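Colleague: The lines below spell out each chain.
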Amino acid sequence: MSRLRNVRNWLDERFGWEDLIAPLRKKTVPLHRLSYWYFLGGITLFLFVVQVLTGILLLLYYRPGANEAFESVQYIMTQVRFGWLIRSIHSWSANLMIFTAFAHMFSVLFLKAYRKPRELTWVSGVILLFLVMGFGFSGYLLPWNTLAFFATKVGTEITGQVPIIGKPLMIFLRGGEDVTGATLTRFFGFHVAVLPGLATALILVHLLLVQRLGISVPPKLEVEWTANPSAKREMKFFPNFMLREMMAWYVALGVLGLLAAVFPWNLGVKADPFVSAPAGIKPEWYFLFMFQTLKLIPPKLWFIDGEVLGVLAFGAIALLWLLLPFLESNNTSRTKRWITGAAVFALAYMAGMTIYGHFAQ
Amino acid sequence: MISPGDRLSPPLPRRRFVEVLLGGGFLATVVAFVYPVLQYLIPPKEADLGSDSVVAGRTGELKPNSGKIFRFGNRPGILIRTSSGEYRAMSAICTHLSCTVQYRDDMQHVWCACHNGHYDLNGKNIAGPPPRPLELFEAQVRGDEIFVRRRRET
Ligand code: FES
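From first to last, the protein sequence lines stand for chains A and B. So the first sequence is residues 1 to 361, counted in my numbering. So the second sequence is residues 362 to 515, counted in my numbering.
Bear in mind the hints are in silico, worked out from the structure with no lab data behind them. Predicted, not measured: the structure shown is a model, and the values here were computed from it. One or more of the hints may lead you astray.
[To be verified] Derived DSS-like pairs (lysine-lysine); straight-line CA-CA distance at most 25 Å:
| id | chain 1 | residue 1 | chain 2 | residue 2 |
| --- | --- | --- | --- | --- |
| 1 | A | 116 | A | 26 |
| 2 | A | 236 | A | 26 |
| 3 | A | 300 | B | 429 |
| 4 | A | 116 | A | 27 |
| 5 | A | 236 | A | 112 |
| 6 | A | 295 | B | 485 |
| 7 | A | 167 | B | 406 |
| 8 | A | 300 | A | 167 |
| 9 | A | 282 | A | 300 |
| 10 | A | 220 | A | 232 |
| 11 | A | 270 | B | 429 |
| 12 | B | 429 | A | 282 |
| 13 | A | 232 | A | 112 |
| 14 | A | 112 | A | 26 |
| 15 | A | 236 | A | 116 |
Isolated chain A (complex conformation) (with noise of 0.2 Å):
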């Protein structure tokens, strides 16, 4: 123990280190029968240290390009060692990311965690969900297999739908007119290099702002503790809560073994640009609610294409649901009963499409 104390005290007097953890041990965290809630950032984070990690593993074996790509992931799922589990997990956790990414986008807006000051945050923060639907994106076709070939197709088709600025972010994308090994090199490229650093910066930005303006408290509690300061509950951040917070990991990491273990991600087959769509093509899940709704669009609305209108609905949605914080009035309740029913709609919404995708022909 007293080792510990030395190294620590060392660390101290080269590092100031208990400057730096002091703002950790001022920070607390608001107790209430909604405090489970706060859990869904940290899993989150969590999460995305896994897919840090399992990713910088895969890379040791996986090779970009229309010919080996993959040859490389069948290569690390039969021959390497314990290759199949890693890929599995990484799998796993980016679809597990993505799910508490919006549980928690979801459980700041019904905990109204967003208001002032903390719009910069919630702003990160939908920025951040956005990449990370962009790693879903870009990494879903890095095993050029059929599904993903034909799902990466049809989802920059769709950017290409976009008028004016469209064509040329689609020509972008793919790195050419059609999807084929420049794609894939571009994607890899995106999925390793340019989405990491964004959302490394953006996380920190993330943590900090969280860490500067303290831990939101659902308005009603707030009225009622300002009221009565006596009725005020809190818990140390660190280390009380950061114990428990660990906890929650463990349990997610558990979870996460457990699914890759026991349902392996499979391959499929690999691509080939000059046989057939298979029938039944979906996108992953995250998009399939924006997938199921542009399917339903009638082709023509009046004169402008269906598609482009649908497409255009969903980029006016996500600018909107990016400046939430700045729409809702102050606190006037009918703009806040208002935002609630949006994301309550929202919620259904999404989750009813998906579900409709999934089970529609």
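Go by the hints and put chain B with the ligand onto chain A.
Modeller: Structure of chain B with the ligand alone, referenced to chain A:
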């Protein structure tokens, strides 16, 4: 009274000049970096391996009421032999979101699996989301080879 601001006023134009010069220089530097990077990001145009005519298959390869995908340059095309034995060729890229179509012998027409799009044997979009017909090619039997070529614009 002379305020400090007044005293500064004579050299101000010179100061502006330096500012503009510095600012302009900085801007030019940024442009000089950004422009090549942006250009770099745009993939070079692939030379469309301009095949106007390819051998899509051989007679006897396809039985009536079937189809196959062939390479037309770097794009897929589809060659169909109708139940009456005629050959038809068209682009295999669905006009909806560019999946590769296939021939369905049970429906006797062209089908896209991605979003259930249907085309008839002239490439006309008859059901589902596709907004435009498939580009129809010319198929010709010469000896035992089936030549496919792009139609001349009329
Ligand atoms: S891509 Fe063919 S129907 Fe959508």
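Colleague: Holds or violated: residue 220 (chain A) and residue 232 (chain A), Cα atoms, limit 25 Å.
Modeller: 13 Å, holds
Colleague: Residue 112 (chain A) and residue 26 (chain A) were given as a pair; does the straight-line alpha-carbon distance stay at or below 25 Å?
Modeller: 24 Å, holds
Colleague: Quickly compare the C-alpha distance for residue 300 (chain A) and residue 167 (chain A) to 25 Å and report which way the hint goes.
Modeller: 20 Å, holds
Colleague: Going straight from one Cα to the other, do residue 282 (chain A) and residue 300 (chain A) come out at no more than 25 Å?
Modeller: Holds. Residue 282 (chain A) to residue 300 (chain A) sits at ~22 Å (cutoff 25 Å).
Colleague: Can you confirm whether the C-alpha distance between residue 116 (chain A) and residue 27 (chain A) stays at or below 25 Å?
Modeller: 19 Å, holds
Colleague: Is it true that the CA of residue 270 (chain A) sits at most 25 Å from the CA of residue 429 (chain B)?
Modeller: It holds: about 19 Å lies between the C-alpha atoms, which stays within 25 Å.
Colleague: Check whether the Cα positions of residue 429 (chain B) and residue 282 (chain A) lie no farther apart than 25 Å.
Modeller: 24 Å, holds
Colleague: When you check the alpha-carbon spacing of residue 232 (chain A) and residue 112 (chain A), does it fall within 25 Å?
Modeller: 18 Å, holds
Colleague: If you draw a straight line from the CA of residue 167 (chain A) to the CA of residue 406 (chain B), is it 25 Å or shorter?
Modeller: Given pair residue 167 (chain A), residue 406 (chain B) holds - Cα atoms ~14 Å apart, limit 25 Å.
Colleague: Are the Cα atoms of residue 236 (chain A) and residue 116 (chain A) separated by 25 Å or less?
Modeller: Given pair residue 236 (chain A), residue 116 (chain A) holds - Cα atoms ~23 Å apart, limit 25 Å.
Colleague: Can the restraint linking residue 300 (chain A) and residue 429 (chain B) be considered satisfied, given a maximum Cα separation of 25 Å?
Modeller: Not OK: residue 300 (chain A) and residue 429 (chain B) at ~31 Å, beyond 25 Å, violated.
Colleague: Are residue 236 (chain A) and residue 112 (chain A) close enough, with their CA atoms no more than 25 Å apart?
Modeller: It holds: about 22 Å lies between the C-alpha atoms, which stays within 25 Å.
Hint check: a violation occurs at hint 3 only; the rest are consistent with the structure.
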